[in-house]
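Participant: Take the sequences, apply the hints, and build the full model.
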Amino acid sequence: MDTLKKNDRETPVILELQNVSFSYDPEELPALQKVNLKIRRGKKVALMGANGSGKSTLFLCMNGIHRPDHGEILFHGKPVEYTKKGLLELRSKVGIVFQDPDSQLFSANVIQEISFGILNLGVEEAEAREEVRKVIERLGITPFQDRPTHALSGGQKKQVSIADILVMHPEVVILDEPAAALDPKHTKIVNDYVDQLAEEGITVLIATHDIEYACAWADEIVLMKDGTILRMGTPEEICADTDALHRTNLEEPGALRLYRRLCARGILKEEKHPPLSIAELERLL
Amino acid sequence: MHTIDHYCYHSGLRGVNAGLKFAYAAATMLICLISRSLAAAALVLLANGILTVKKGRIPFPFYRKLMLVPLAFLILGTAAMILNLSKTPLDSYAVSIGSWYLTGSRNGIRQAVRLIGSSLASVSCLYVLSLNTPMPEILLVLEKLHCPELLTELMLLIYRYIFILADTASAIRTSQNCRLGYQDYRTSLRSFGELCAVLFVRALKRSNDLYTAMEARGYDGKIRILHEKRPVKRKELAAVIVFELILTGVALWIR
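Same order as they appear, the protein sequences are chains A and B. All residue numbers for the first sequence refer to our numbering, where the first residue is 1 and numbers rise by one. All residue numbers for the second sequence refer to our numbering, where the first residue is 1001 and numbers rise by one.
What the hints contain is simulated information worked out from the structure, not anything from laboratory work. Ideal placement from N, C-alpha and C gives every residue a C-beta, glycine not left out. The reader is advised that the hints may include incorrect statements.
Mimicking BS3-like on lysine-lysine, the simulated pairs with C-alpha atoms at most 25 Å apart in a straight line are [as the list claims (entries may be wrong)]:
id, chain 1, residue 1, chain 2, residue 2
1, A, Lys-44, A, Lys-34
2, A, Lys-93, B, Lys-1222
3, B, Lys-1222, A, Lys-84
4, A, Lys-34, A, Lys-225
5, B, Lys-1222, A, Lys-85
6, B, Lys-1144, B, Lys-1233
7, B, Lys-1065, B, Lys-1054
8, B, Lys-1229, A, Lys-134
9, A, Lys-44, A, Lys-93
10, A, Lys-185, A, Lys-44
11, A, Lys-269, A, Lys-44
12, B, Lys-1233, B, Lys-1055
Ranges between beta-carbon positions, derived for each pair [stated by the list, open to error]:
id, chain 1, residue 1, chain 2, residue 2, range
13, A, Arg-67, B, Gly-1077, 55 to 61 Å
14, A, Pro-143, B, Leu-1030, 54 to 60 Å
15, B, Val-1198, A, Gln-145, 31 to 37 Å
16, A, Thr-142, B, Ser-1175, 51 to 57 Å
17, A, Asp-243, B, Asp-1184, 52 to 58 Å
18, A, Glu-270, B, Ala-1203, 54 to 60 Å
Stretch-level coverage of chain A by chain B, calculated; a stretch enters the list once three of its residues show a Cβ under 8 Å from a Cβ in chain B [what the hints assert, rightly or not]:
id, region
19, 94 to 102
20, 124 to 134
Facilitator: Structure representation (structure tokens):
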């Protein structure tokens, strides 16, 4: 499935799923069914869908945690090798930040926690120490770097779990509902990190239920339902398809709803590119 | 558990090399246990009290409470050495109860007091270590002492997840309490059983999630992490050596 504009089609594909199916229990419905997806380098992709639609399973397949029952996953055009070496290579380049930081953070303190991934890549201790220091500074973790992980707040845990992945210098960063259970302040911090990653040219995939955020941030939105990709396209294309949105338990952004009502009342004229965010609507008004 | 952990991370002795603290605690404990000297025990109790409360900045009421726990066990445990029920009175004291005596010997009392003193001093050594050294640093010392990796890694994971399980248990208990889950003995038993069952299932799920997250970062069966470096300072090393020498002298000459 590839619905990008011509310019974007020239961007190389970094991760590709071809007819990927995966099932946790052979007697039950598969968690993923014949998923075809191309992720292009440097793009910002938002995955949306109801709980249980297969977003997290898809992410785990992309990182090589789950091996598809059918189909193939290609990284830089080469099929993923499910050997120790192949998986280590994939996992060093495709990092996942899990939804619940408590499932990810296992070490007793922040420095130990962040060092785990990079040391697994076989990096020397001195170099790993330097990399950990850099990522701690970059993500503003310094004030709580000496604290035990269990004494951190939810937002701080999320910051550390992002640092866990960034220290490995991945090419693709997957964030599974990064703003879940965060207060507005920490949501903003996490969103700023995500923007930074994208600006640095890292391919970012996010699972989110926040349509406003997805529309404002993403280059592409993928709608998932029952383990399949229901719809994929630019935020404008997705928002225009209200049926697909409703089928995935989503609603169009508030700004777009208000814009349509204002158009219906003749207050605003129909635009070629309808506003998807409050800021865009404000500009129109 | 939370409190002890909090004090460890804020202790004034946190900067001291964990290996040195470990060596101090082990050597001091050994001298106390082998010598059974009351004078040595008193010196150790005093030194450890100063180290923990003054240097380590652990609040005295908390330290006193911690020390009272083993003291209660020791008093109960040594009661048999102090109190005897006999038909003939012993040399220290005797209270007649009919044709019997509640009595004790001087030797028995001396032994009990020595046992209490040296045991309490030994426990205080463990407190110096555990109240002033964060768990990861203790684990590092164990690793350097060639303690099996499997054991230290398990300890690390248990240490990390014990807090999560404690928080989960507390949340479940609150939720049960809100719905009158502990209103009488019968419901309390039932609720507690359910809490244990849910906790077990959640612990299993957590362990699965954790394994997945670790695998995603290249885990291959060995936990590789960075450890903080705190070199041994000459002054501190000298202080420990001098103290152990004095303690050995006291233990040998003042029994």
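Participant: Next step is simple, just say for each hint if it's right about the structure.
Facilitator: A quick look at each hint next to the structure:
About 23 Å separates the Cα atoms of A/Lys-44 and A/Lys-34, which keeps this hinted pair within 25 Å; it holds. About 20 Å separates the Cα atoms of A/Lys-93 and B/Lys-1222, which keeps this hinted pair within 25 Å; it holds. Between B/Lys-1222 and A/Lys-84 the alpha-carbon distance is near 14 Å, which keeps this suggested pair within the 25 Å criterion. About 12 Å separates the Cα atoms of A/Lys-34 and A/Lys-225, which keeps this hinted pair within 25 Å; it holds.
For the hint pairing B/Lys-1222 with A/Lys-85, the CA-to-CA distance comes to about 16 Å; that is within 25 Å, so the pair holds. Annotation: proposed proximity of B/Lys-1144 to B/Lys-1233 holds, straight-line Cα distance about 18 Å (limit 25 Å). Only pairs whose Cα atoms come within 25 Å are accepted, and B/Lys-1065 paired with B/Lys-1054 is accepted, the gap being roughly 16 Å. Between B/Lys-1229 and A/Lys-134, the direct Cα distance comes to roughly 18 Å. Compliance with the 25 Å bound is thereby established for this hinted pair.
Taking the CA atoms of A/Lys-44 and A/Lys-93, the gap is near 16 Å; set against the 25 Å cutoff, the hint holds. The hinted pair formed by A/Lys-185 and A/Lys-44 meets the criterion: a straight-line CA distance of about 22 Å does not exceed 25 Å. Using a Cα cut-off of 25 Å, the hinted pair A/Lys-269 and A/Lys-44 is violated, with the two alpha carbons roughly 30 Å apart. For the given pair, B/Lys-1233 sits about 16 Å from B/Lys-1055 by alpha-carbon distance, which is consistent with the 25 Å threshold.
The hint said 55 to 61 Å for the Cβ distance between A/Arg-67 and B/Gly-1077, and at roughly 58 Å that hint holds. Range check, A/Pro-143 to B/Leu-1030: Cβ separation about 41 Å, and the 54 to 60 Å hint is violated. Distance hint check: the CB atoms of B/Val-1198 and A/Gln-145 are about 34 Å apart, consistent with the given range 31 to 37 Å. Between A/Thr-142 and B/Ser-1175 the C-beta distance comes to about 37 Å, which lies outside the given range of 51 to 57 Å.
Range check, A/Asp-243 to B/Asp-1184: about 55 Å between beta-carbon atoms, so the 52 to 58 Å window is met. At roughly 57 Å, the beta-carbon separation of A/Glu-270 and B/Ala-1203 lies within the given 54 to 60 Å, and the hint holds. Interface restraint, the region 94 to 102 of chain A with chain B: holds (5 residues with C-beta to C-beta distance below 8 Å; minimum three). With 4 residues carrying a beta carbon less than 8 Å from a beta carbon of chain B, the region 124 to 134 of chain A meets the three-residue requirement, and the given coverage holds.
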